[in-house]
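**Q** Spelled out, the chains give:
Protein chains: 2
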Amino acid sequence: MAAVSCAVAFRGARGLCGRAARPAAAAAGLRGHRSGRTYAAVSAESLPTFGFLLDIDGVLVRGHRVIPAALEAFHRLLNPQGQLRVPVVFVTNAGNVLQHRKAQELSALLGCKARRQAEVEPDQVILSHSPLKLFAQYHDKRMLVSGQGPVVENARALGFRNVVTVEELRMAFPVLDMVDLERRPTATPLLRSDFPAIEGVLLLGEPVRWETSLQLIVDVLLSNGNPGTGLATAPYPHLPVLASNMDLLWMAEAKMPRFGHGTFLLCLEAIYQKLTGKELHYEALMGKPSLLTYRYAEQLIRQQAERRGWTAPIRRLYAVGDNPMSDVYGANLFHQYLQMAERGVQAERQGAGGPQKQWPSATRSCVSILVCTGVHRPGEPGSREQPFHGHRDFGFSPALLQASHVVSDVHAAVRLAFREEGWPW
Amino acid sequence: MAAVSCAVAFRGARGLCGRAARPAAAAAGLRGHRSGRTYAAVSAESLPTFGFLLDIDGVLVRGHRVIPAALEAFHRLLNPQGQLRVPVVFVTNAGNVLQHRKAQELSALLGCKARRQAEVEPDQVILSHSPLKLFAQYHDKRMLVSGQGPVVENARALGFRNVVTVEELRMAFPVLDMVDLERRPTATPLLRSDFPAIEGVLLLGEPVRWETSLQLIVDVLLSNGNPGTGLATAPYPHLPVLASNMDLLWMAEAKMPRFGHGTFLLCLEAIYQKLTGKELHYEALMGKPSLLTYRYAEQLIRQQAERRGWTAPIRRLYAVGDNPMSDVYGANLFHQYLQMAERGVQAERQGAGGPQKQWPSATRSCVSILVCTGVHRPGEPGSREQPFHGHRDFGFSPALLQASHVVSDVHAAVRLAFREEGWPW
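In order, the protein sequences belong to chains A and B.
In terms of the numbering used here, the first sequence is residues 11 to 435.
In terms of the numbering used here, the second sequence is residues 11 to 435.
Same shape as in the complex, but just chain A (with noise of 0.2 angstroms):
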């Protein structure tokens, strides 16, 4: 956040001196005034005990267009210095980008600078492959690394050190990637046995040239790490594989939803079902609807408040999204295992692989705000008649794929917080 306003600072420094009782200013319950309009009496507001995670993409944008509501929302959401008044990330599925471009790029598609807001942080940013950091088991390990953009840099960020893309690995093999009429080689190259085996493979996003991905990512799975070899027998289970993104969908500017990474990654497990009659296991899958994603956003929720200074407990998420079967799908099966947690129950590993150990939260429940601007389009058959969109490794419960509230926009989503809190619209 750029510019700092003196309240924000004072809350800042109360809260960075450890956990700091309601500010002065607050108890004093002072009233702000922002663009002619009275706004939420500090009071009420000023030790925010929600927050928000926004979906980017059918929310915020669509295409490389914000969406108007967007604009308005975020003049709710900012107080008279163009800060936030309460904890904001933005949680999407995107993968094939480094996490300070994305902010970059939000906070040029909110006008930010021009509208004289705070700029989006990095950290403010969950990418769907973000929770991988927390898998050091394989930071050390070979990886096949599949994606677009920035892969390298994306595993490296993550703690990835020993990376190979499937680039290099096609340079390495010229006989793998035969598709391409026009790149196969003319002659035939000798057989490299001086390149390690991989260990495991990491799909971040989407990657272009399909045909050349899933040759590759099967041929390493299928020769155990040694694509220039053949083998007998495929070996099962196969090398660890982590995929982060699972949407089959999303929504830009086409009238209809476009292909995710959900789309590859059903493509890879038809082909791998298909050769070997076995099913691709994911060592883990993140990315909403994953818990490791709704966990993680939490905890950046938390830290955000504490940066602020806001020592009250964050009790209450709202999680707006235009796809039910992320964002929808993935805030209510996070609220099931708020739930369980509280009642002491150990949530069941629910499809999200990876570590998944209690950890002391005072949020009680995550609540789910479904949008018409993006993937979503009211007045569609409900989700009974619908074939499921859902990746295959989150079974279908119907029930979690009912929001708890479907509104307009963004706006409208986040005025339904501010009346539920009891904040002053």
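Which copy is meant is left open, so a pair is good if it fits within one copy or across any two.
DSS-like mimics (lysine-lysine), calculated; alpha carbons at most 27 angstroms apart, straight line:
hint : residue 1 : residue 2
1    : K151      : K288
2    : K151      : K265
3    : K288      : K265
4    : K265      : K284
If you're looking for bench data, these hints aren't it; they were derived computationally from the structure.
Assemble chain B onto chain A, guided by the hints.
**A** Relative to the frame of chain A, chain B by itself:
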């Protein structure tokens, strides 16, 4: 065939003049001599009653290298004038190539010029899509064509007069193809309303950039041919889809098999099923193991024999291939069909789609010969233990996967056929 020998001209002339009796030379029992080796008695071989259906990849060539056994086999198949002694067609599931180009390529690989061997003629080559010539009812429809290489020329050569490529569709609707971050449009283009609706989809062979073709084909199917618009409910049945080459895998230089068009179709089927909950339907599916392809091949064998003046009916076909799922399965399916036809039973429409009416044929059997120079590896577990690599629409009949004969290579296959036919080796 470039060079025409006296003997063949004589036979041909008689053949063209009508149903000639057994040629005089044959009746005289003359013996020829070739490359210093005594070859078959003319009396036994001058009027072949059998022919060969030779697969190309994995049988004659691997990648861009000829398999030595193929040269030996042709040494046996040719007469001293370098012309075939029996009718031979090359039945490949390749599709991203023009027929005459494939013939030239094969001639070059077999070293026809250097070996004074008649060049391979275009009408000896059956590509996976060749039977599409029979689907006249679609030739005037506006078809989206997918594949690579000379797709438009290929479609036109098959009779399709109104085709649109995936690339043309992408240019007309730039917001559809969103996977490649670098190819996404930088501004929102105006929606086109002057693009005539697409009426069918023609899948000739594996394209490049599968993500683009998969997305645009699915868009066309879900929008009933108007991919710029969004429909609340996707039509079903969807627009007709004609596809050729369902090979899941094929053998090139790499030690493990490579993805074929069947893998692309598998992805398309999986995506369509996931999105709509319904099965993708093929109006026609051709290329081995489809009956359509074998009937077409048998027709070309007959025409070839007629052109050569071989008036004895072709009773038996030897189908030599490396892929149990396409070559063996298809040959056995065709054999089953021939047997049923002989018994006067209308063969069931088994997966092939399209016109299936009876035709007059002297062919009574088709012998499947599996070679070990390609996809099939000797010593691999039997078909019962292996996953089913055939196409979804060709129900798994394990018995049809059992080759009549398994031999080391195409040379051994030709020897076997000669022995079966009583031709001296």
